[in-house]
Every structure is written in structure tokens, then in C-alpha cells.
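**Student:** Assemble the whole structure, with the sequences as input and the hints as a guide.
Same order as they appear, the protein sequences are chains A and B. Under our numbering, the first residue of the first sequence carries the number 1, and numbering increases by one thereafter. Under our numbering, the first residue of the second sequence carries the number 1, and numbering increases by one thereafter.
Hints in this document: simulated from the structure, not taken from any laboratory. Virtual Cβ for every residue (Gly too), placed ideally from N, Cα, C. Careful, some of the hints might be misleading.
[Unchecked claim] Below are the PhoX-like pairs computed for lysine-lysine, each with C-alpha atoms no more than 25 Å apart in a straight line:
#, chain 1, residue 1, chain 2, residue 2
1, B, K177, A, K91
2, A, K23, A, K91
3, B, K162, A, K23
4, B, K162, A, K91
[Stated by the list, open to error] To be clear about the criterion: a stretch of chain A counts as covered by chain B if any three or more of its residues have a C-beta under 8 Å from a C-beta of chain B, and this derived list gives those stretches:
#, region
5, 85-94
6, 97-105
7, 111-125
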Amino acid sequence: MRDTVTPLEAAIHLGHVSKVFGKPGTESAYRAVDGLDLDVRPGQMLALLGKTGCGKSTIFNMIAGLTEPTSGTVRVSGRDPFRDFDSFRGKMAIVFQSDRLLPWRTAIQNVELGLEMLEVPAADRRAAAQTWLTKLGLGGHENDYPHALSGGMRQRVSIARAFATNANILLCDEPFSALDESTAGRLRAEFVRLVKENGKTAVFITHSISEALEIGDRIVVLKRPAKIAYDVSFDADTGREERELIRSRIGEVLAV
Amino acid sequence: MSDAASQTVTSRENRLFAAAKRLGTSVLPFVVVILVWQFASLFFPRFLFPSLIDVFWRCIDIFSSGAMFGDVLATILRILAGLAGAFIVGGGLALLMVRSRAIDNFLSPILTLFQGIPALSWVVFAIIWFHGVEFRIFFIMVMTTLPAFTFQVLGALRAMSKDLMEMVFSFRPTRAKLFRVMIAPAILPDILTAWKVNLGNASRVVVVAELVGATGGVGYQLLQQQQLFDMAGALAWTLQLVFFVLIVQGALTLIENVAFRYRAVSERAI
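**Tutor:** Okay, structure coming up:
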């Protein structure tokens, strides 16, 4: 089942995007993304799946506006995230693979970071940060520095930091890969609930088939260099048998 | 006395003992130096090893005399002005160098060349080039500490975590906010270290600068003591600078303790 959405309707649009690192045409040039076409509709949770080194993070950085594509067009909410970088302030939030908390800030100060960029008054941002920390079960740890928190707690702070800005678009780069399975499972469930509740469009990068099936309502499998090898959408009504078929198909695609 | 109460008393005694031990360890080297000097003063002429009691009274004279304490303050202000100037210029150069490889390639060899020029040469150049005493000293202080400040700030800027920088960038900060929330806190530890290192260098250089170019200050006073062959006076004036360096180093350490309380402390020392 393939998702159909026109580029104009798409929250995120990648049109024939390529990314080459190094000088194109030389021996040192490395093509990470190769003519990728991808549209993500508003409110969709897309799981981007692929082997290590297939260009997932490069796609992620291009959507985030941190890297410019070598060719093709990237549009987020109709605008170029690299050239119109500042216009996305407060409209896009990222959860990274590692928590990336500022070590000199307490948990609550880290959550407030995005709100500071949006010039939210101090009292309001403190209240918002407190609300998100409490929602993520970190009440009582507001004034702890990152070094005093466990890996799972730190990643929850980084999720709170991303949600606190109330951005419409969430980008997640394997945010639970460094955690143990039970903590990752719990956080994944919390994450899916929060994304659904708040109607976000999310792109979730992973290399785990189970995680992709658990999180996404659409899975795109990438081959190397990044190009769509398999694209499937499903929903809560999708039966266990059908999910198993999807799982085995993804396995076959990844094995190639 | 109950067990709990006696345990509390024991733990308080242990803490007091540990604090006394720490204090003793840090004071002991000074006590040994003082005793050796005082012992030597019993056997050598006064102009070689004066009694430290004489030196103490000379220190009190300096503190209590407005004119003499003015000389100490003048030297302190010269050190601080020179360091501040070098820090501002060096910080600016480091920012330019980290932003542009071409500027880095151009400035790095020049700063390295400056590092090789002795402080005394800068004193000579300043006397030849400039007329004003204060500007001469300021110039000497800036030129002798500028390369170190620039390279230290440059190193700190380059050592900033790329991951954290990307994370902050993802929130689209303005330049001012990027500096306030990321760059300043990230480089602050190295800046304080740079100040500590350069403070020692500056306090040595300022004396040389004042010896030849000034009509006041600790360096000028040291020259007077040398002409009078007054070792007690020379020591007393030297101690003024030592006190100043110790006080500022202490203040910087205090700032470090407060500003870097976020750092995790391992129970196992290096």
C-alpha cells in the first residue's frame, strides 16, 4: 500500500534530491542520497528505515535545514529549510540519537531552550517546561544537571525539549537506540501517544524493523545510496497477519 | 550519649580533622620557605637575607601609605587593563580565525612570530615607538599576552561540541542567543584558565615594563630598592604583586567553583 500525496499538500517534500559529499565527479565524491522522491502528508508518522550508512541521517539533516542538497528540492511546509532557515524557528523540533543536553543547564533549563529562542516570557516558559517534564515523569528532577540523570531520563528531557516548543514537525534520529530495550519500549509508547495527541507530523529514523512497525503509520525502506526501496502505509486496524507480511517484506528488501 | 549522637560527634571530628589536614598541606610549603629564609637571616648580612619581620613591617608601610599603595594600585590597573585589552583583541581575532580559514592561515604565523619575541624586546620597541608612559606599558602588556589569549580562545572555540552546536542550531537561534546559550558557556572554562595563566605572565612582564619606562608602580619601586641595595624593600614590593596574583587566582577559582558546579565529579581521582 503506497501513500499518495501531492507535493503541494505535503508537509515535507523531497523532489529528486541528491546529496554528494566531496567534490562531485572526483574519486573522493560519495553519493549519500540518489534522486530521492518523498512526500510526507501533514499528521503522518513516517518511519525511515535502512541499513547503517544508507543516508538516513543525511536526509534528516536536509529536512532539518542543517545540510543543503547537491541537487533537487527540499520543502517543509512549502519552504526551503536550508535557505529559509530562520523562518522555521519554533516550527520544527528535533530529537537526536543522543540526548544532546547542554551540561551547564539543569533539566528544566534544557527544556526551556527552544522557548527562549521564541522569546517566550520567563514565567510562561518555566510553566511550559515544568508541564512537559511532569508529563514525561520527570517531576522532582527539574533542577538536576544532566550528569545526575540516567540515560533514559536524559532522553526524556530531550523529548520534552522538542515537544515544549509545540512545533508542528518533529524529526527524530534513532532517539531510543542507545537505551535498553525496556526503557526504549516505554519511551516509544509515550512518544507515539504524545505525537498522536498533539497532531504532529513526524519523521522517525530507525534501523529497527520492530521499532518502525511500532511507531510509524508509514514505513519507507531505503537502499544505499538513499533511494526508496519499499514504501508501505498502514494504520491501527492493520491486522497482525498483515503486519507480519510487511515485516517479512521489509526483511527481504533490507537483505538485498 | 546515644549511638547516633556519638556517631554525629565522630563524623564532625573527622570532617574537622580532614579540613585541618587540607589546610596544613597547603600551608606547609610556605611555612618551610619562611623558616628557611628566617634561619638564613640569622647568619647572612641584612642586605642579603633580611629578617622577615622587617619585610612584614615594610609591607605594612606600603599598605598604610597612600602614595606607596597608589603605586601598587597603578601596577594592578596596568595588569588588568593590559589583560583586558589582550583578551578583547585576542577573542575577536580568534572568532575571525574560527570563521575563516584564510584569516586563520594569515594570522596564525604572525601570532606565532609574536610569541617568539621576548618581553624585553617589546619594551624597547615601545620606548622607541611611543611617547606616553601608560600607552607604552599597555602596548607591552597587550603584545606579550595577545598570542596566548588568541590561541587559547581559538582552541576553546574549536573544541566546542559539534553535536551540541547542531542541537542549538536546530532551534534557529539568533547570533546573540547562540553566543549566550552555547558559545559563552562552552568556552568559559578555557577562558578562565587562559586568564589564570596570563595573569602570572602579565604580573612578570609589567614589572619589566615599569622598570624601564615608568615613574611609578611596583617595577619602578623595585628599581629604587635595587639602587638602595634594600632587600627588605625589594621583597616587600615583590610580595605586593604576589598577593595580588594570589587574590585574583583565588577569585577565579571561586568563580570556577560556582560556574562549573554542573560538572560530574568522579570519586576516583586521576
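**Student:** If a hint holds in the structure, say so; if it does not, say that too.
**Tutor:** Results for each hint:
1. At roughly 18 Å between alpha-carbon atoms, K177 (chain B) and K91 (chain A) fall within 25 Å of each other, so this suggested pair holds.
2. Between the alpha carbons of K23 (chain A) and K91 (chain A) the distance comes to roughly 33 Å, so the proposed pair goes past 25 Å and is violated.
3. In summary, the hint linking K162 (chain B) to K23 (chain A) is supported, as the alpha carbons are separated by about 23 Å, within the 25 Å threshold.
4. Annotation: proposed proximity of K162 (chain B) to K91 (chain A) holds, straight-line Cα distance about 22 Å (limit 25 Å).
5. Remark: the region 85-94 of chain A is confirmed as covered by chain B, as 8 of its residues place a Cβ nearer than 8 Å to a Cβ of that chain, reaching the required three.
6. A stretch counts as covered by a chain when three or more of its residues have a beta carbon under 8 Å from one of that chain; for the region 97-105 of chain A and chain B the count is 6, and the coverage holds.
7. With 4 residues having a Cβ less than 8 Å from any Cβ of chain B, the region 111-125 of chain A passes the three-residue criterion, so the hint holds.
Violated hints amount to a single one, hint 2; each of the other numbered hints is respected by the structure.
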